[in-house]
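Could you build the full structure based on these sequences and the hints that come with them?
When we follow this note's numbering, the leftmost residue of the sequence shown carries the number 2, and every step to the right adds one.
Simulated from the structure, these hints should not be mistaken for laboratory data.
Even for Gly, the Cβ is constructed at its ideal location relative to N, Cα and C.
Any given hint might turn out to be false.
Derived DEER-like restraints, expressed as beta-carbon distance ranges [what the hints assert, rightly or not]:
#	residue 1	residue 2	range
1	P57	A22	37 to 43 Å
2	M2	K83	34 to 40 Å
3	G41	N129	21 to 27 Å
4	D8	W70	43 to 49 Å
5	L66	R5	30 to 36 Å
6	I7	V104	45 to 51 Å
7	A12	F143	19 to 25 Å
Think about it this way: if two alpha-carbon atoms lie no more than 27 Å apart in a straight line, the pair counts; the simulated DSSO-like pairs of lysine-lysine are [unchecked claim]:
#	residue 1	residue 2
8	K86	K14
9	K14	K83
10	K17	K128
11	K17	K83
12	K128	K86
13	K86	K17
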Amino acid sequence: MDYRDIDQNIAGKMRKWGLPALRISFAIIFFWFGILKPFGLSAATELLIATVAWLPFGESGTWLLVIGWWEVVIGITFLFRKTTKIAIALLLLQMIGTFMPLVFLPEVTFQNGNYLLPTLEGQYIIKNVMIISAALIVGGTFYKLKRHT
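Structure representation (structure tokens):
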């Protein structure tokens, strides 16, 4: 057995376990972080409340509940292959809101107004680009490409 065989073997295992690992990771993260919000235990509560304060409808406490339970639903729907498409749609809608502090609270998300120097909160938000990318990969696996002959 040479290194190419070993490489192929490892790659095959990665193909087999990569998507389930992503779905389970999404489920854990969204359920865990989401369930903290309705109980007022999330480290992101202050940022979330400051972000939704400008909305013309709904109280910030109500938004905290809605967003928290929304994330719990995202987590649960990622657990099952049949509901993964729903999870991805809910995730993409939720991601729109997660980027709002970058626009509405730059004093919180960037250091000294420098858009190249995100704060810890800014980094927490910007890393969601990777979550969106991973969701696109998961979603892209539901259909096999048809070859045109």
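Against the structure, the hints come out as follows:
Separation of P57 from A22 is about 41 Å and conforms to the stated range, judged on CB atoms against 37 to 43 Å. In this structure the supplied range 34 to 40 Å holds for M2 paired with K83, their Cβ-Cβ distance being about 39 Å. The given range of 21 to 27 Å is respected by G41 and N129, whose C-beta atoms sit roughly 23 Å from each other. As the Cβ distance of D8 to W70 is approximately 44 Å, the hint placing it in 43 to 49 Å holds.
Between L66 and R5 the C-beta distance comes to about 54 Å, which lies outside the given range of 30 to 36 Å. One distance hint, 45 to 51 Å for the beta-carbon pair I7 and V104, holds here, with the actual separation near 48 Å. Evaluation of the 19 to 25 Å hint for A12 and F143 yields a pass: the beta carbon distance comes to about 21 Å. Between K86 and K14 the alpha-carbon distance is near 24 Å, which keeps this suggested pair within the 27 Å criterion.
Proposed proximity of K14 and K83 is supported: the alpha carbons are some 23 Å apart, at most 27 Å. Proximity of K17 to K128 is assessed by CA-CA distance (about 26 Å); at most 27 Å being required, the pair is judged to hold. Among the hinted pairs, K17 with K83 is consistent with the structure: their alpha-carbon atoms are about 18 Å apart, no more than 27 Å. Using a Cα cut-off of 27 Å, the hinted pair K128 and K86 holds, with the two alpha carbons roughly 22 Å apart.
In summary, the hint linking K86 to K17 is supported, as the alpha carbons are separated by about 19 Å, within the 27 Å threshold.
Violated hints amount to a single one, hint 5; each of the other numbered hints is respected by the structure.
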